[in-house]
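A.B. asks: Chains as they are written, first to last, in my numbering: chain A, 4 to 335; chain B, 4 to 204; chain C, 4 to 647.
Some hints could be false.
A partial selection of chain C residues facing chain A, derived with a Cβ cut-off under 7 Å [what the hints assert, rightly or not]: (1) Leu380; (2) Pro412; (3) Met414; (4) Phe429; (5) Leu432; (6) Glu437; (7) Arg439; (8) Val469; (9) Ile471.
Lysine-lysine pairs mimicking DSS-like chemistry, simulated, CA-CA at most 27 Å apart [said to hold, decoys possible]: (10) Lys72(A) with Lys99(C); (11) Lys99(C) with Lys97(B); (12) Lys232(A) with Lys154(A); (13) Lys129(A) with Lys154(A); (14) Lys284(A) with Lys232(A).
Hints were generated in silico from the structure; no laboratory data involved.
The beta-carbon is built from N, C-alpha and C at its ideal position, and this holds for glycine as well.
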Amino acid sequence: MRRGSLVQLILLGVVATAITGAVAVLVPWLPESAGKEADRIEFVYWFTTVIAVAVFAVVAAVLTYSVWKFRVRPDDDSDGPPVHGHTNLEIVWTAIPAILVTAISVVSAIVLAQNGRAGDHPLRIKVVAQQFAWQFTYPDGKTYGHLTLEKDRPTQLDITAKDVLHSFWVPQLSQKQDAVVGQHNKLVVTPTKTGTFPVVCTELCGLGHSIMRSRVEVLTKAGYEAWAKGGGVTGGRRPPGLTAFNQFGCNSCHTFTAASATGTIGPSLDKLKEAAAKAGKPLDAFIRESIIDPNAYIAPGFSPGVMPATFKSQIPAKDLDALVKFLATNTK
Amino acid sequence: MSAAAEAHEHGAHPPPIHYSSRVAPAILGMFLFIASEIMLFGSFFTVYFFDRVVAQPSEWPPPPFERPWFIALVNTCILVTSSFTMHWATTAIKRGNRAGLQAGMVLTFLMGLTFLLTQVIEYHRIGFNTADGAFAATFFGLTGLHGGHVFVGLTILLVVTIRAFRGHFSAEAHHGVEIAGIYWHFVDVMWIVVYFTVYVL
Amino acid sequence: MSATTHDIHSTPPSHGGSQPRARSAWTAAGWLRVLWTIPLFGGLGLGLVCLIRWLAGWDPVWDGPPLVTVELVTIPLGFLVGLGGFDYWAYYASGKPTRPEDHSGHGAYSWRDYFRINTDHKVIGIQYVVTTIFFFCCGGVLAMLFRAELAKPGDQYFNPQTFNVLVADHAALMIFLFIIPAFAGLGNYVIPLMLGAPDMAFPRLNALSFWLLPIAGVMLLAGMVTPGGGPSTGWTCYAPLCTHQPLGQVFFNMAVQWAGASSIMTALNFLVTIITMRAPGMTFWRMPLLVWANFTTSLLVVIATPFIAGSQFFVMFDRVMHTHFFEVDGGGYVLGYQHIFWFYSHPAVYIMMLPGFGIVSEVIAVMARKPVFGYRLMALSLMAILVLGFSVWAHHMFVAGMAPWLRVPMMVTSMVIAVPTGIKIFSWLATMWEGRIHLTTPMLFVLGFLSMFVIGGLSGIYLASVPIDIHASDTYFIVAHIHYVLFGGSVFTIFAGIYYWFPKMTGRMYDERLGKLHFWLTFIGFNLTFFPMHYIGLQGMPRRVADYADRFADFNLFISIASFGLGASTIVFLYNMVKSWRWGPLAVGNPWRALTLEWQVSSPPPIFNFDEPPTVVGSPYEYGVPGARHAIFGPAVREPVPAD
Ligand code: HEA
Ligand code: HEA
Ligand code: CUA
Ligand SMILES: [Cu+2]
Chain A
4 MRRGSLVQLI LLGVVATAIT GAVAVLVPWL PESAGKEADR IEFVYWFTTV
54 IAVAVFAVVA AVLTYSVWKF RVRPDDDSDG PPVHGHTNLE IVWTAIPAIL
104 VTAISVVSAI VLAQNGRAGD HPLRIKVVAQ QFAWQFTYPD GKTYGHLTLE
154 KDRPTQLDIT AKDVLHSFWV PQLSQKQDAV VGQHNKLVVT PTKTGTFPVV
204 CTELCGLGHS IMRSRVEVLT KAGYEAWAKG GGVTGGRRPP GLTAFNQFGC
254 NSCHTFTAAS ATGTIGPSLD KLKEAAAKAG KPLDAFIRES IIDPNAYIAP
304 GFSPGVMPAT FKSQIPAKDL DALVKFLATN TK
Chain B
4 MSAAAEAHEH GAHPPPIHYS SRVAPAILGM FLFIASEIML FGSFFTVYFF
54 DRVVAQPSEW PPPPFERPWF IALVNTCILV TSSFTMHWAT TAIKRGNRAG
104 LQAGMVLTFL MGLTFLLTQV IEYHRIGFNT ADGAFAATFF GLTGLHGGHV
154 FVGLTILLVV TIRAFRGHFS AEAHHGVEIA GIYWHFVDVM WIVVYFTVYV
204 L
Chain C
4 MSATTHDIHS TPPSHGGSQP RARSAWTAAG WLRVLWTIPL FGGLGLGLVC
54 LIRWLAGWDP VWDGPPLVTV ELVTIPLGFL VGLGGFDYWA YYASGKPTRP
104 EDHSGHGAYS WRDYFRINTD HKVIGIQYVV TTIFFFCCGG VLAMLFRAEL
154 AKPGDQYFNP QTFNVLVADH AALMIFLFII PAFAGLGNYV IPLMLGAPDM
204 AFPRLNALSF WLLPIAGVML LAGMVTPGGG PSTGWTCYAP LCTHQPLGQV
254 FFNMAVQWAG ASSIMTALNF LVTIITMRAP GMTFWRMPLL VWANFTTSLL
304 VVIATPFIAG SQFFVMFDRV MHTHFFEVDG GGYVLGYQHI FWFYSHPAVY
354 IMMLPGFGIV SEVIAVMARK PVFGYRLMAL SLMAILVLGF SVWAHHMFVA
404 GMAPWLRVPM MVTSMVIAVP TGIKIFSWLA TMWEGRIHLT TPMLFVLGFL
454 SMFVIGGLSG IYLASVPIDI HASDTYFIVA HIHYVLFGGS VFTIFAGIYY
504 WFPKMTGRMY DERLGKLHFW LTFIGFNLTF FPMHYIGLQG MPRRVADYAD
554 RFADFNLFIS IASFGLGAST IVFLYNMVKS WRWGPLAVGN PWRALTLEWQ
604 VSSPPPIFNF DEPPTVVGSP YEYGVPGARH AIFGPAVREP VPAD
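Just need the whole structure built from these sequences, with the hints factored in.
C.D. replies: Written as structure tokens, this is what we have:
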């Protein structure tokens, strides 16, 4: 091909690279990283992006150039040069992509290995997912509806599910792992920034999937230890109803002052009296019914089918009694 | 445009088909169909091994269940024999021996039928049903899938038998028999694999 | 729609309808007979279930789910019997002497002939394309509905249940009733012509496999409105969620079975046709790349599709017969479902792309007036994708908690697929290079495909990299990937194919200006709709949610509006098709000056395609080669057929 056209082609390539590169760089594609693993993943992401931009620029440049230069008017019925192939060229565009994807694979494999390491003394937390709530149990046996982590401390989550598949994801920490019934999957996160981030369920798990959210709070070392002492829901001297309340995950969907629960997925249980009145039922009966048959009465502003109907079978009779008593006595 | 021009003169009569392969289309089709059948069984074997190996059950079969391997063995022999009679039928008609074809088909059909009925009775007496865990699920899955294939096979055999008695097929034209035979042999071989996996392994 | 195939033939044969011809209209194959065969078979199914349950001593003798399952088999059978799908075989089975095929089921002389069992591959091709476009519109309308829901956070029009149903059926319709069968339809029409064959190898099977489609489609749509609600588990319907679903789930499972059966039958037909019915001289290395593409695709279908059949059986048994294939507390293995499902559904994504590659090769060579660059490597890369396609399924399970050692190998194989795909992309670019490019509508869609599919493919590379996938999995980034490869890839090629062969199929020319308008509206609307999804996905918006965090509100509003524009663009297409088919200017036999065989006959082609098989003497893409011929017609000078 002539020199001039080569220049034009290269210019086109530069323009294409510039535009694609701009889109890649100027848009903050990834959420601001708040964890070691996220940083590594971000590295792989950029490594891949460089290659992707290059590849797309080449394709775009050649495409636009051809359309621009080789396009003819409809009435032109001449044919192009009968070129059937060019072995060296074909070898080149087989080899280069092969090399590039190998590079991506290697980088990814290394990062994957690093992101799996939890160090010697990780903080170990048991994560139990159920429709549609998260439970986080700490080494000292305390259970919470939301996750609290210590800055710069490697944490190993041991993730499982009670009913169907769920998936634990914190966008800022980048790590994700499905929760599978009867399986304990490990996930390592090492937060590097303090603050509050969302916990999202990313595996379709039923009607409440879209609202199965919780939060993770990352505290400084001091802050974390202070928090670890107080709060929480220890075993031992507590009304059994409270234990049940947390054990079956009520705390993650409902607000209930007496249990220092702040969930907003379901209606606030501090207002049980009014609700019972609306439903025209005695308080105890109403609470019991709402647990074992959630759809019997739907609080205004909430959609039916969100609260799982499985508690009927999940909660043993005596726990249920305790729970009802606890709620009835402590509601405002 | 040339072809189109001529096309107008001709009425609705197809041109001679040019065959670019030595295999008859119907037979090739049957083999490809069997390939995908094998994959269907493959998926059932996959789930079987997931439930038996990967899910790591403590015991297989879980007590108190046990597998009636002896009846099944007898059944296996019946089915294998039927494969030979099928082969006999095919070779017979290839030599133009109609009586042989008819006898072979009838025998094959009856043995296949015996196999199927035995399996039904076995299901009835086996002492567990589909709801009894992964073992039962895979057991009924594999044997049931195969049972279904025996049923289809029998239908095909029945058709061939009828035609055999209606005086069709000859030393020259016997694809019908041949294809039915291929399918029946497949059902047979598949059973041997199923038997070893489900009853013996 | 009368101006269609074969009305160039002055007089239709005296007899219509398919054999054996019966006396009364009620017993003759046709819609009247359907009216009573459906209730008949419905009744038989009911009787069967009750009888078995009674014999086995189960009660209640009358039980919902199993009954529904059986009915979903028997009623469609009744429909097919009524329509005459099995007449010939019933006739054969009853032992009557086989009559020589009298081709009464062949060809279309009025629009009615499109609504009966028709054994002409050209008619079937058109039946396929029209039906699939209808389901495309249905699937698209569902998308419009849930986009409306997603325009604002919170629940507006649909509760989560309905929303999930919409999403599931949107995907199922698009995949099982649009893309896969649409390619089957185009292939059906073109392949025998390209091979120089009078028809497919098994015309009756061909007719049957078409009529399974409406069954599957109606079943899916019916599943949405079953009492208790439809399948709300996405198109992947993972266990164990979908084993605890309302009855609609069973409809979904069975619909997939019918669609799967249909595509297996078609694939068998393609394979046998391609292997046994090539014209003299048409060696494998002289076949057009579209034929190569459908050859590889059919292999994929035959080998992989039984696995989705299996997976749907298992979840259905878990649902209906209370088995425990995937139920942990029964000793089942939960992830088993995903392995089996994806062992089909990854190859499926290539089933949904390879025929498109074929179409692109055809169009580019013709519109750039140059031979396809590196023909052999093009064919071989198809084969490479076919093989690799079976070794990557677990890249959909990187975060599923499967055996960790599977991750890296699956990542590598997934990446490697970029190489053969790249070969194709670059070869197409090289084909255009220094060509004489005619920017007709099909070419525009092909160019759109080239650019959009590369984006989709590259996002696929991001996903293939395990660490990135761990972040991006099950977010809108996936949704973006899906649509860049499926819409920007498959759908664009389908449009290209429809425009390219429109003159051949209908004998009329489409409206070029409307075609270009359709392209630009689609192209722009498509990017406005799906490009932002990359961003909100990576930022943290999960997929399959009816309600989402408020910070995504603006983006989703924008996407929804854009998607309505995209939907509207389809109306231009539909208008163009209907108008041109009815009133468009008559098309000549070979408007594109193409070399492949289908263009060497009249538009639409004569009822049996060729008077006698043409003799193929060269490559199908010898553009610019002086005096090159692909095939010789008429009294052929038989040149020795090279064996391959
Ligand atoms: C037409 C359909 C189609 C096609 C062709 C592809 C092609 C590819 N897909 Fe995609 N995919 C889907 C349809 C498709 N996909 C669907 C529907 C889903 C979602 C399913 C669901 O969960 O609902 C999915 C999901 C999906 C996942 C799972 C994500 C997740 O759920 O977590 C992954 C992960 O690896 C993946 C990867 C790939 C790769 C590597 C390719 C490759 O084949 C792409 C190869 C092409 C290119 C790379 C571009 C051209 C090449 C060049 C220009 C050469 C140079 C390139 C380089 C050097 C990189 N896809
Ligand atoms: C080929 C496949 C294909 C195609 C073409 C499309 C087309 C579209 N898809 Fe779809 N989509 C999928 C395959 C496809 N999709 C898959 C596999 C999934 C995953 C599902 C899952 O998670 O399980 C998905 C999921 C999916 C989602 C994510 C849902 C979720 O996760 O919550 C979204 C969200 O915006 C979406 C949007 C759209 C839109 C706006 C279109 C538009 O392009 C549609 C445009 C509209 C039309 C083309 C028709 C309009 C026609 C008219 C309005 C008039 C004519 C009407 C008649 C004559 C009846 N799709
Ligand atoms: Cu839990 Cu989605
Ligand atoms: Cu895939």
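A.B. asks: So, for every hint listed, does it hold in this structure?
C.D. replies: Checked hints:
| no. | hint | verdict |
| --- | --- | --- |
| 1 | Leu380 | holds (6 Å) |
| 2 | Pro412 | violated (10 Å) |
| 3 | Met414 | holds (6 Å) |
| 4 | Phe429 | holds (4 Å) |
| 5 | Leu432 | holds (5 Å) |
| 6 | Glu437 | holds (6 Å) |
| 7 | Arg439 | holds (5 Å) |
| 8 | Val469 | holds (5 Å) |
| 9 | Ile471 | holds (6 Å) |
| 10 | Lys72(A) with Lys99(C) | violated (67 Å) |
| 11 | Lys99(C) with Lys97(B) | holds (21 Å) |
| 12 | Lys232(A) with Lys154(A) | holds (17 Å) |
| 13 | Lys129(A) with Lys154(A) | holds (18 Å) |
| 14 | Lys284(A) with Lys232(A) | violated (41 Å) |
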